[in-house]
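Trainee: Here's the letter readout for the chains.
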Amino acid sequence: MLNRKETPAILPIEKINFVKPQVFDISTSTKLFFMKEVPNETTRLDLYFDAGTIKGDIGISSFVNGLLLSGTKDKTSIQINSEIDNLGGFFESGISNENAVITIYSLRENILPILRVIQDAIQNLAFIEHEVEELIADRRQKFKQNMEKVSFLAQRAFQQRLFNDSIYGRITNEADFDSITIPKLKHFFQENYLNGLSKVVVVGNLNQDEIDEIIDLTGSWSSEVNTQFENSIKNLRGGAHIVKDGAVQTAIRVGKILFNKTHEDYNDFLILNTIFGDYFGSRLMSNIREDKGYTYGIGTMVAELHETGYFLIATEVGKDVKDATLKEIQFEMERLQTELVSEEELLLVKNYMLGQLLKSADGPYSMTDLYMSVEPYDLDLDFYNKSIESINHITPERIQELAQKYLRWNDMTVVSAG
Amino acid sequence: MIKFERFKLDNGLTVLFHKDPTTPLAVVNTLYDVGARDEVEEKTGFAHLFEHLMFGGSVNIPDFDAPLQMAGGESNAFTSNDITNYYDVLPANNLETALWLESDRMLSLAFTPKSLEVQRNVVIEEFKQRYLNQPYGDVWLELRPLAYEKHPYKWATIGKEIKHIEDATMEDVKDFFHKHYNPSNAILCVAGNFELDYVKEVVEKWYGPIPAGIKPARILESEPEQNEFREKTIERPVPTDAFYYAFKMPERRNEGFYMADVLSDALGRDKSSRLYISLKKEQKLVSEIGAYITGSMDQGLLVVSGKLNDGVSFEDLDKALWKVLDKIQTHPISQEELDRLMIKIRTSKEFQEQGLLNRAMNLCVFELLGDAEGINTEHEIYHAIQPSHLQETALHILKPTNCSLLKVKASTNA
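Chains as they are written, first to last, in the numbering used here: chain A, 1 to 418; chain B, 1001 to 1414.
Be careful, since some hints might not be right.
Stated by the list, open to error - Calculated pairs, DSS-like style, for lysine-lysine (alpha carbon to alpha carbon, straight line, at most 27 Å):
1. LYS5(A) - LYS1179(B)
2. LYS5(A) - LYS1008(B)
3. LYS1160(B) - LYS292(A)
4. LYS1409(B) - LYS149(A)
5. LYS1284(B) - LYS184(A)
6. LYS292(A) - LYS1174(B)
7. LYS1284(B) - LYS1232(B)
8. LYS292(A) - LYS1163(B)
9. LYS144(A) - LYS1409(B)
10. LYS142(A) - LYS319(A)
11. LYS319(A) - LYS1160(B)
12. LYS144(A) - LYS1281(B)
13. LYS1019(B) - LYS36(A)
14. LYS1154(B) - LYS1179(B)
Because the hints were derived from the structure by calculation, they are not lab data.
Isolated chain A (complex conformation) (with noise of 0.2 Å):
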C-alpha cells in the first residue's frame, strides 16, 4: 500500500559544478568574460559601462544611457533599429547605481553583424535635438506615472534616507528634466562611455576570432580610470510617510545599510535573511501573507553596491493595515534574536538554499550570472563552495547571534507610502 502520508527519501545534493567563463584582456582594467559552452544557437553579449547614476549631474546617466540608439549624422534611430531587428537582434539598455549595461540577445550568426551596427551607432552618436526633446518629454510623462504608484513613492523616500547624505541617496525630481542639455549629455557620454567600458560578457557558441573582432570593436572605449566609491554610509533612523490620496494599499519599505559579499558574516547572513523573508516558508511569508492575509506578497534581500550594501524588506499591504505588519515585521525580527530557529527550519532552509544554489549553477547563462556576481569583488567561484560550507555548518547559535547583530528595529529605515 502506497504510503501518502510520509515524504520520499530525500537525497542530498552531492556536488554542484560550477564553471569560470575565460578572461581575455581588452586593456589594462577592461576584460572580457566568455562562456563558449551553450548547446543551441543563442548568444547574449553585454556591455558594462562605467556610467551608472552615482555618475555625474542628477538625471543625466540615465537620459545618455536612453539615447545611445537615437542617431548619427549619417543615420537616424529608425534606421539604426531597423538594421537591429533585420537581423534579429534584442537591444536592452539599463542602469543601475554604479553601471550602465547594454544588452543584446540573437542568434549566434548574427551577433557581430548586429554588434557593428551598435558599434558604429554609439561610436558617432549625435545627440541630435529632436531626440533628446522626444526623451525628456517620454520620462517625464512617466515620472508623473510612476509618482502615482506606491510603491515608487516608498521607494524613493527610501533611497533618500537609506543612503543618507551620499551620492548614492539623490533622486530624480520632474524640475532636474529641466536642466538637461545637449553639451552636458555629451560630455557625459565621451567621459563614461566613449572611454568608460568596464567588462565585456559574451555567452554564445562563439570561436576566436569573433571573440577578436568583439575586442576590436570595443576595445577603443575601454575605461582607464578605476573609479573611486564611497564607502561609509550610514541610513537615516526611524520612520518617514509619504501621503498619497487614494490609494488603496500601502507601500512598506524597510531596511539599513549592511554589507557586500566581501564580509566575513556575508553567507552566514544569506542564510538569516532567506529564513526571515527571502522565499515562500519565510517567516514574514508565514505570518504577514499565510496567516494574516495582509498582503498579496512580502519579501527581504541583499543587495550589494562596490563598497558596502543593504539589506531590505519590502511589501505592499492593505491600508488598514500598515501599523499591524509594522509591528509584526518587528515582532519577527525580535523572535529571531530571542528563540532559536529549530533544527527542523533551519534543516528546510539549508536545503532550499542548496537547491538553489544547484538552479542558478544550471546552464550558461546562470552560471555566467552567477560568476559575474562575484567577479566585481575580485572573488572567484570559490566564494560559492564557501557558501555551501557555510550552509552545512550553521547552527540555530550563530543565526540567532547575526539576527541580535543585524536585524534590530532601531537601527532600521522604516519608509511607508500610502
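With the hints as your guide, set chain B onto chain A.
Mentor: Positioned in the frame of chain A, the structure of chain B alone reads:
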C-alpha cells in the same frame, strides 16, 4: 527540436516526458484544463482563487511547500482565462517528492476553513495591488466587457469584482475541485535527466491509484459576431491619456491566429514597426505605442495600445492610426519586412526554449491544443505565411466594426 515521449495512465492522465541530459534539475509541470472561462458569471475569479487554495494542504499532506523546500525545490502557479498551470523545480534526485505532492493534491485537498479565509484576503490584496492601486491597472477590467458580450472572456482572471471573491464558500470550492481537478482533465510533464522506464514507474506509482474522473464538457456561450464599432471613455486620476483598440481575432487552433500574431508584430512589436515609426517617431503623437495579441484559446484580441503625447487629442490619434491600419490592408508588406518579422520570431523562440521549465510548460500547452509535437512544427506554420495572407488577415480583422475602443482620459485632479 524538442524530443518527448507520451504515455497515458488508465485513469486518463496524459503524461509527457522530456529528457534533458545536461541539467541536474527536474521540472514537474501540471496543466489543468480549467481557467476563468469555465466560471459562471455570478462567481468569477474562482479558478484563480482556487489556484491559491491548492497550496493550502492536500488530503494527506498538511503543507504543500515545506516538503518541496526540504527537497531543495520550489513551486509556483498561474491562472489565465484558459488554463491553470502548476510547476515544481527541484534537484533531479528528489523528483519523487514533487510527484508525491502533486499527485496528492490531484487526489484531494484538505479544504481547511483557515486556508480559504486567508487566501481570500491574499487574493483581495492581489486584486488591489495589481488592478486597483496602479495607474491604468483596471484597464482590462473595463476592456473585456466592452469587447465581449457573451463569451466568458468578458471577465478578467482576477474576477469581475472583489465581492465575488469575498462571497466564495467552502461548498463552491469543493464543487470546483471535483468538477475540474481530476486526472482526465490534466496534462503532466516531467522533464530532466531520467530514463523513460523510471519516469513511467514513478508516475504510475503516485498517480496510478487516483480515481478516474470525468473530463468536464466545456460548453461556453459563443460570442456573436461583432458588427459595430464600440467605444467607451473612462476618466481616471492618471497623468496621461491612454488608448486601447481591441480587434477580435481567430482562436488558437486556427491558422489565422498565427497570421494575426505576425500582423501585430508588423504593427507594433519593435522600434522598426509601423505604428512606432509613424505615430511616435514621425508624427510625434504618442509617447508609447505597441501591438500585441492576447494569445487566447478561443476568439482572442489583437490590441493596439499606447499613451498620447501632451496636447494631442484622441481624434488626432484616431485619424493617424486608421491610416496606418488602412495601408496594411491595401498594400502587401514587402518580403524584407516579412523576413524581419520572421527572424525575430525565430530568435525569441530559441531563447524561450533555453529553459527547462519553459519547454515543459509549452509541451503541455501544445498537448492541450491537440499534440505536443506542435512545439516542433509551429515554426512551419509561421514560415508558410505570405504577404498576401497578412493582407487578407488585416482586411478581415482591422476594421471599425470589429473594434472596441477604450479611452482612458486623465482627470484634471491628477
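Trainee: State for each hint whether it applies.
Mentor: Hints, one by one, checked against the model:
1. Our distance criterion of 27 Å between C-alpha atoms is met by LYS5(A) and LYS1179(B), whose separation comes to about 25 Å.
2. Between LYS5(A) and LYS1008(B), the direct Cα distance comes to roughly 26 Å. Compliance with the 27 Å bound is thereby established for this hinted pair.
3. A hinted pair counts as satisfied when its Cα atoms are at most 27 Å apart, and LYS1160(B) with LYS292(A) qualifies at roughly 24 Å.
4. This hinted pair checks out: LYS1409(B) and LYS149(A) have alpha carbons roughly 18 Å apart, not beyond 27 Å.
5. A threshold of 27 Å between alpha carbons decides the hint, and for LYS1284(B) with LYS184(A) the separation of about 25 Å falls inside it, so the pair holds.
6. For the hint linking LYS292(A) to LYS1174(B), the alpha-carbon distance of about 23 Å falls within 27 Å, and the restraint holds.
7. The straight-line distance between the Cα atoms of LYS1284(B) and LYS1232(B) is roughly 24 Å, inside the 27 Å bound, and the hint therefore holds.
8. For the hint linking LYS292(A) to LYS1163(B), the alpha-carbon distance of about 19 Å falls within 27 Å, and the restraint holds.
9. Restraint check: the Cα-Cα separation between LYS144(A) and LYS1409(B) comes to about 15 Å, which is no more than 27 Å; the hinted pair holds.
10. Restraint check for LYS142(A) and LYS319(A): satisfied, since their Cα atoms lie roughly 25 Å apart, inside the 27 Å limit.
11. Of the pairs offered as hints, the one joining LYS319(A) and LYS1160(B) holds, with about 22 Å between alpha carbons and a cut-off of 27 Å not exceeded.
12. The straight-line distance between the Cα atoms of LYS144(A) and LYS1281(B) is roughly 22 Å, inside the 27 Å bound, and the hint therefore holds.
13. The suggested pairing of LYS1019(B) with LYS36(A) holds, with an alpha-carbon distance near 23 Å, which does not exceed 27 Å.
14. The straight-line distance between the Cα atoms of LYS1154(B) and LYS1179(B) is roughly 22 Å, inside the 27 Å bound, and the hint therefore holds.
The structure shown violates none of the earlier numbered hints.
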